[in-house]
Amino acid sequence: MFKTAKQFTFDMAHMLDGHDGKCKNLHGHTYILQVEVSGSLHETGPKRGMVIDFGDLKDCVQRHVLDLMDHAFIYDSGSERESRVAELLQSLDSKTYALPCRSTAEAMAEHIFGLLKHRAGLPVSLIRLWETPSSYCEYRE
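Just so we're aligned, residue 1 is where the sequence shown starts under UniProt numbering, counting upward by one.
Since the hints were made in silico from the structure, they are not lab data.
Be aware that a few hints might be false.
Said to hold, decoys possible - Straight-line distance between alpha carbons at most 16 angstroms, and here's what the computed EDC-like set of lysine to aspartate or glutamate pairs gives:
{"#": "1", "residue 1": "Lys6", "residue 2": "Asp56"}
{"#": "2", "residue 1": "Lys95", "residue 2": "Glu131"}
{"#": "3", "residue 1": "Lys24", "residue 2": "Glu80"}
{"#": "4", "residue 1": "Lys95", "residue 2": "Asp70"}
{"#": "5", "residue 1": "Lys58", "residue 2": "Glu80"}
{"#": "6", "residue 1": "Lys117", "residue 2": "Glu80"}
{"#": "7", "residue 1": "Lys58", "residue 2": "Asp70"}
{"#": "8", "residue 1": "Lys6", "residue 2": "Glu80"}
{"#": "9", "residue 1": "Lys6", "residue 2": "Glu36"}
{"#": "10", "residue 1": "Lys117", "residue 2": "Asp70"}
{"#": "11", "residue 1": "Lys117", "residue 2": "Glu36"}
{"#": "12", "residue 1": "Lys117", "residue 2": "Asp56"}
{"#": "13", "residue 1": "Lys6", "residue 2": "Glu106"}
{"#": "14", "residue 1": "Lys22", "residue 2": "Glu131"}
Using the sequences and the hints, build the whole thing.
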């Protein structure tokens, strides 16, 4: 089995309602997203010798993750406070993206994994999400 990975960056804003530190306030990050896929090499056809074409991987992540989250306010749809911020931003024609949980790096890594594996059908084996240059979370099944 081979593993192939590609790295992406995107910017987003969030807040952690109820957090006991400064992240309870609205703030933003430039995230680095590493997507790893695993599988056997294609034996025939134009993708022969590849697990996945890097261009195909890029297009998939762009469509299923970046187009939704880049430069958006990511919020916990179960939080009244965060939902009120999202409603205000939506009324100002700003981009938002709802999660069914807090927008921690851990929850976002798991969510992105699910988007790519279950919605896009990508053979994703690992998501590594860097929230800052020195802090990341990793999710795999």
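Output the numbers, in ascending order, of every earlier hint that fails for this structure.
Structure breaks hints 2, 5, 6, 8, 10, 13.
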